[in-house]
Structures are given as structure tokens and as C-alpha cells.
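*Asks:* What follows is each chain in one-letter form.
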Amino acid sequence: DAGVIQSPRHEVTEMGQEVTLRCKPISGHNSLFWYRQTMMRGLELLIYFNNNVPIDDSGMPEDRFSAKMPNASFSTLKIQPSEPRDSAVYFCASTFRRGLSSGANVLTFGAGSRLTVL
Amino acid sequence: GIQVEQSPPDLILQEGANSTLRCNFSDSVNNLQWFHQNPWGQLINLFYIPSGTKQNGRLSATTVATERYSLLYISSSQTTDSGVYFCAVIANAGGTSYGKLTFGQGTILTVHP
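In order, the protein sequences belong to chains A and B. Once you know that position 6 of the first sequence is 352 in the working numbering, the rest is easy, because the numbers rise by one and skip nothing. Once you know that position 35 of the second sequence is 787 in the working numbering, the rest is easy, because the numbers rise by one and skip nothing.
What the hints contain is simulated information worked out from the structure, not anything from laboratory work. Every residue, glycine too, gets a C-beta built ideally from N, C-alpha and C. Careful, some of the hints might be misleading.
[Stated by the list, open to error] Under 8 Å between C-beta atoms, here's a sample of chain B residues computed to sit facing chain A:
#1 L795
#2 Y800
#3 S803
#4 T805
#5 L853
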């Protein structure tokens, strides 16, 4: 298994530009999570999906952020317009859960996408 | 929401030394995981341990759920153990807290040769 695959690994963009981060979860996993890591705030959960449905997006910082999961093998996190304070490493993680009432099993993280907004 | 506190924040060791990292959490949990973030930024799951004790080579972990803490033991440390160790939990509450893995701030471990 190739693990959780994220792209791009690095992105440098200018303020105001649209940024799209991509994630391919592990085949067979039905829960997908987007996290953001910064020095100041540590690892924060932005949004998570179960069976392609967004369950909790309360961590999404503002309307400039949006996430989609059109099918079980692909998710995107979009920032439009981007701002310098969005600079961070964005991680995608996946796991298999039998139901929302069961705690998530072991999370497998992708390598992350390092975003720099100038 | 649930609070996760890790200690110590920083730890410097000589190769071969043993260490204990601690994770305290403010509410009952149904999921607790330990991760290692290596110097390249990759997050690797070490243990899934909501309760009890597990061992994997030089690493072991113990979670005492009733007292709301977990310990990660590293024995005979090696330079490759350097990095940040995170504890993450899911609160035992209802509703949308299910699946929300909340991370502590981490312990930065540096192992010198």
C-alpha cells in the first residue's frame, strides 16, 4: 500500500491566489481528516469526512477554506483567496471506522503539503 | 473541548539513556494514540492505546484511563529517536466529538550521539 498520498508537497504562492491541496486516502479507509500544523497552534483538525460526507467542519478557520470529498479515493482542501497567515503544513489522514459511534482506529498520515503564502 | 497536556516540552538525552514522556487529558477518552514526527515532518503512529500497556521494541506505552494519563517509555535511546512526540485523544463524548483526534503540543526529543 502506498499510504496516504498528498500533493503538492510544497507550494509557494502569492497572497490572493487560489490554493488547492489534494489527498488520496488509503484504499478501504472510510474516514478522512484534514489537519493544519503551525508553530503557534500546533496540530489542528480542520474537517473530517466519514463515507465521503463532511461530519464536522467546525475547525475550518473561515469561509476562505473549503473541502470536498467527491469519492472515496480523493479529497481536496481549497483556500481562496490565500493569505500569509495560511502558511502552514497541511496534513491529510485516513482510517477505517465501523460507524460514527465507534472511536476512530489508528490514523495514517500523509507526508503533508507545506504551503507558503507570500 | 478536551485538553491534552504533554510533559516535558523539551528533552535532551545522551544516546543510550531511557526516558518517559507523559500525556495528561482532561476528560475520559475512547481513543489515545502516540505519534512520532521525524525531522522531515512525517507523522508516524507509534501506538493505539486507549487503555493498558503495549510494547514495540524499545518503545512501550501505558494508559491509565481512569486517572486520565498515558506514558510513553523510550529505552536505550538512539539518535533516530529524535523528533517530536505527540499524544492525541478522542473524547468519550457524544455528537460530533467522535473522530476528532485532539493533539497535545508535543515533546521535542533530541538524542545526542
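*Asks:* For the restraint on B:L795, tell me whether the closest CB of chain A is nearer than 8 Å.
*Replies:* holds, 4 Å
*Asks:* Mind checking the CB of B:T805 against every CB in chain A and telling me if the closest is under 8 Å?
*Replies:* Hint violated; B:T805 Cβ to chain A Cβ min 17 Å, cut 8 Å.
*Asks:* Does B:Y800 hold up as a contact with chain A if the rule is Cβ-Cβ below 8 Å?
*Replies:* holds, 5 Å
*Asks:* Against chain A, is B:S803 within 8 Å by beta-carbon distance?
*Replies:* violated, 12 Å
*Asks:* Holds or violated: is the Cβ of B:L853 closer than 8 Å to a Cβ in chain A?
*Replies:* It holds, given that the least Cβ distance between B:L853 and chain A is near 6 Å, below 8 Å.
The structure does not agree with the numbered hints 3, 4 stated previously, though it agrees with the rest.
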